[in-house]
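**Student:** Chain A is already provided as a structure; the job is to place chain B on it using the hints.
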Amino acid sequence: MKLHPVQTLVSRCIGHLSRQRYDVIVVGGGHAGTEAAAAAARMGAETLLVTQKIQTIGALSCNPSLGGVGKGHLVREVDALDGLCGRAGDWAGIHFSILNRRKGPAVWGPRAQLDRQRYREFIQGELLSIKRLTVLEGSVEDLLVTEPNPDEPGSHRVTGICLENVLHPISASSVVLTTGTFLSGSLFVGQTTSPGGRIGDAPSSAGLSRTLKETLGLRVGRLRTGTPPRIVKESVDFSLANVHLPDRHPTPFSFMNTHTRCKPEEQLPCHLTYTTPGVERVVQESLHLNCHIQQDTKGPRYCPSIESRVLRFPGRRHLVWLEPEGLTSDLLYPQGLSMTMPPEVQLRLIREIPALRRAEIHAPGYGVQYDFVCPTQLSSALQVKSTQGLFLAGQINGTTGYEEAAAQGLWAGVNAARQAHSMPPVSLSRTESYIGVLIDDLVSRGVTEPYRMFTSRAEFRTTLRPDNADLRLTPKGYELGCVSSSRYQEATRVQNSLQEAMTALQALTLSTNSCREKLPDIRVSETKSTVLTGMELLQYKELSFEMLASVFPERLSPYLEFSQRLKIEAVYKPHCDINKKEIERIQREENMFLPPDIDYFSLPVSLSNEAREILDRVRPTTLGAATRLEGITPAAVVNLYNYVHFAKKKGVNGQQKMTRSK
Amino acid sequence: MRKETATGLPALYQLASTFSGAPAGLADADTIFALSSGHGKCGVAVVRISGPASSMALRCMAGLRRHLPSPRTALLRSITDPSSKEILDRGLVLWFPGPHSFTGEDSVEFHIHGGPAVITAVLQALGSMPGMRPAEAGEFTRRAFQAGKLGLTEVEGLGDLIHAETEAQRRQALRQMSGDLQRLYQDWSHRLKRCLAHVEAFIDFSEDELIEDGVLERVDSSVVSLQAEIERHLKDERRGERLRSGVHVVIAGATNAGKSSLLNTLCQRPAAIVSSIAGTTRDVVETVLDIGGFPVLLSDTAGLRDSTDLIEQEGVRRARERVQQADLTLVVVDSVLLPCEVQKAADILQENLTSVLPDLKQTNKDRCLLVLNKTDLLPEAHRRELERELNEVSGLPPVCLLSCQTHEGLQDFLSVFHSRLKILCGDPLSGAPTLTQARHRAHLQQCVVALAQYQKLRDTDLALAADGVRLALTSLGRITGKLGAEEILDIIFKDFCIGK
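For the record, the sequence lines run as chains A and B. If you read the first sequence in the working numbering, its first letter stands for residue 774, the second for the next number, and so on. If you read the second sequence in the working numbering, its first letter stands for residue 205, the second for the next number, and so on.
With the rest of the complex left out, here is chain A (with noise of 0.2 Å):
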């Protein structure tokens, strides 16, 4: 891995602005807000991000790590798209792990813990040396809204922004915004309550929030999150918890990354630990004393707090894993342990932990209660569809997670770019990847309580893995302008290779007699006595693409640096080809568009009431978004299909306005 070079980012101030308007102005600098403005610059757009600090562009708020199961999917995918945070992973990353190892590579979770520091400096440093992207640091009073431009759908349209103390507004053609836990955000103690994002961080304006929900009139609801107590690193008892060991071989999350930079035995271990009875008893001795607990603001199911988990399943030990963070760093973050009670009390419930019985606190846990935009008014694009310009992505959208955020930002930044290029949006679909679902998720289902990626929500998940992310993204990214040649380069020399190599197996046949003298390792089944080809006998378990090669080294040994990629591609490739047959029909009826401004309750079609209603409220996209819905009848997907071909052959309704000229 090349060396990054470490730079500061020097904070620029107004007067220092070279221009007034610029195409894209992105609001905060967390994942979703860096991926958004570096993703928006590669699409070539003038982009302007502003932050409240720019030393926490590129802050881990909550826990030291990225990826897992399903997240890391999204790492990839992410990279895939020449977004950051999949290099910043390998440039911070001190303990890398692939979880679910032996549950097959379609779910295997690529994972690392971070270093803070060194996350942060890859963050900026990179967005410092991205061309045509500006950082200014900044609180957003307002956004600037005007009449709608009527050749095109939406009842307002965003121009800029105001920023506090500063006269003139900033405009922009398209303005994303990524708020996290800032909008409308308050921090929860024990009993006291104070207006903020993140500790020691205020809220975004009330201006903002307003402007939203009063004069765009979208919906807002409210979620909470929390975070656990930090902890002095030297007051833990370790030998009285288990010591978990990171890979042997670090594998980096980039695409373009061969390897980490911190070598192999650099790597911090991290430690598992368990709750105790007497963790439950302080928790119910002090839920008087916890205001946030006792509201009723959606919480996650998933990465609860210490006490939900307590009250929600009584009497069962809980995991906590105690993780670096950081190379140099003298704390330890206990993830688990998630709480919101007094500080005092804090103190008092970790110490029931054998392991943490002398710890002391470096920082409280704390709780956290923000608002976000109800999803299902956005489109695909992740742009507001009763607001021109305007794009949301991250926590704003509901979701949780460092990852979750990224993906969205860099979706948002792609289109945002787009548009101020007049460029129509682009979309990915749930059949090609992660990013697809998590957004087809939120605009079409909504949310219930924040929204975080797992695999089993991926109905495509034997396709979609996270070795591929790759072939199925960047060659489509290159192609929209996100992707570098460099990485095109890359992408489409192992699509060669790959491609090679399985016509080279395909071609490579070996009888079931020589298999047995030859790869006397695999068992092939005695009554078969047929033909095998290399693609055939790499889908026996027994056997690696090295074996393979040893034995057959002419043809196969160049192609050894893709082993590991050829295992899996040999032995997915039967579920993949049936996958093949039902994800080509929901494409089909993907690329079938509906027209934004139809007004369904006076469409002259046979439409349920039920589904007018429901179509109305969500607006699908295409007629695959309207399949999906629930309540949508088989008929009524007809009736719609319908009256689109009716309107056409008539050269009615604003049909055009889809598709704008470049």
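Keep in mind that the hints were calculated from the coordinates and are not lab data. Just so we're clear, the structure is a prediction, and the values are computed from it rather than from any experiment. Even for Gly, the Cβ is constructed at its ideal location relative to N, Cα and C. Don't take every hint at face value.
In silico EDC-like cross-links for lysine to aspartate or glutamate, where the CA-CA straight-line distance does not exceed 16 Å [said to hold, decoys possible]:
(1) LYS826/A with GLU894/A
(2) LYS1353/A with ASP234/B
(3) LYS1340/A with GLU1273/A
(4) LYS1354/A with GLU1232/A
(5) LYS1354/A with ASP234/B
(6) LYS548/B with GLU589/B
(7) LYS1314/A with ASP663/B
(8) LYS626/B with ASP494/B
(9) LYS660/B with ASP424/B
Simulated DEER-style distance windows between Cβ atoms [what the hints assert, rightly or not]:
(10) ARG875/A with ARG436/B: 30 to 36 Å
(11) ARG269/B with ILE1351/A: 48 to 54 Å
(12) LYS986/A with ARG436/B: 37 to 43 Å
(13) SER1330/A with SER274/B: 51 to 57 Å
Examples of chain A residues lying across from chain B (beta carbon under 10 Å, computed) [as the list claims (entries may be wrong)]:
(14) LEU872
(15) LYS876
(16) GLN1108
(17) GLY1109
(18) THR1228
(19) GLU1232
(20) THR1235
(21) HIS1348
(22) VAL1411
**Tutor:** Chain B alone, transformed into the frame defined by chain A:
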């Protein structure tokens, strides 16, 4: 990113091109079949097949190994079962190569005789071939629609048509799924959901969470028992077999009740010797009949009585054996022996039933009919009263009064008999329950195959194995209703504490 948008084509153009110009390569790869002639009894039935495997079906079933018939020309052929080579019927076959067909795909029509046995046999033979499945409601029309084969007016009616068909299908499914069957399917679906939720929990969370030991082992044993149960259920369904091989109907009752007369009346020839001497029939007399299109294997048996005659004793033993194996038993009673008072008459009938069918329970009452013979010998008033009152008495199977002598009441008896046969066989002509049945079977079979995939891959690749459970649940969901990812997550979060 889509090519279409990138090239800036108007959206409607894309829509139209996807639908109307769909080349064969875009068509669904499944080949579908269905009974296309109207429901209700008819002389000729049309079975339609559409999709890439149509020509294969035509070759295999119409004995056209070498070459296909010329397009759109009727040809008289023997239609055979591709695996057993048994001749199912002789009928017309037509070959419509795509795109010049109703659906735009390769299509085949079989014009066969309209009896339920023939239709069911042909449909089952089709269903047994690879790549073939029964069509969903409106699917032929939808394919025609997608191939751009329908005009605008026809297209406008399609939504309503699909609606009507899915409505009818839903009602049909509900009817068929009432009671035990519905409970059975729901129970499978419920257990399968839990299996999937637990596998998914194990995949998504077990590395970080306390997913207790043995979750996967419990799924394993659930999957094994589910698979076994569904397989048993598939085997138990004898309706198709009854249609092919005939419904076993046994005439039984006391001596001299007129059993052999009933047999002769039904087959309209003196197949059995009749006399007024009790115990005339000593062995089982069999004959094959067609009752309203259903094949019936009718057996007349020796009258049941204690006898010292060795031959008659053997006849009674055989009669009892037959009754035990019967799909339907006609219990014949001499109506002259019944008292005038209805309750007493009912008690005597109950005794008769018990003597013929000692283990008859409330639940299998539909496996028998009471036939009160010799009504010509009854006073008119008495006959009317019996007829009116007996069917009101609870606990008795349907009672038919008839005279084999005068044929009075025969029509009524035949219609009751016929409706019983329909229930036993499933009637492909009334609202197509056999088709629904075939669909259920196909989905259940897929379910079994998918569960086998789980077992096969469980140790190799859990993601692929879990796909098997997903597929099994999707197959079952086609019968019991759709299921979303959220529902699975609900079970996961209810059963496990997910903390990371």
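**Student:** Failing hints, ascending?
**Tutor:** 11, 12
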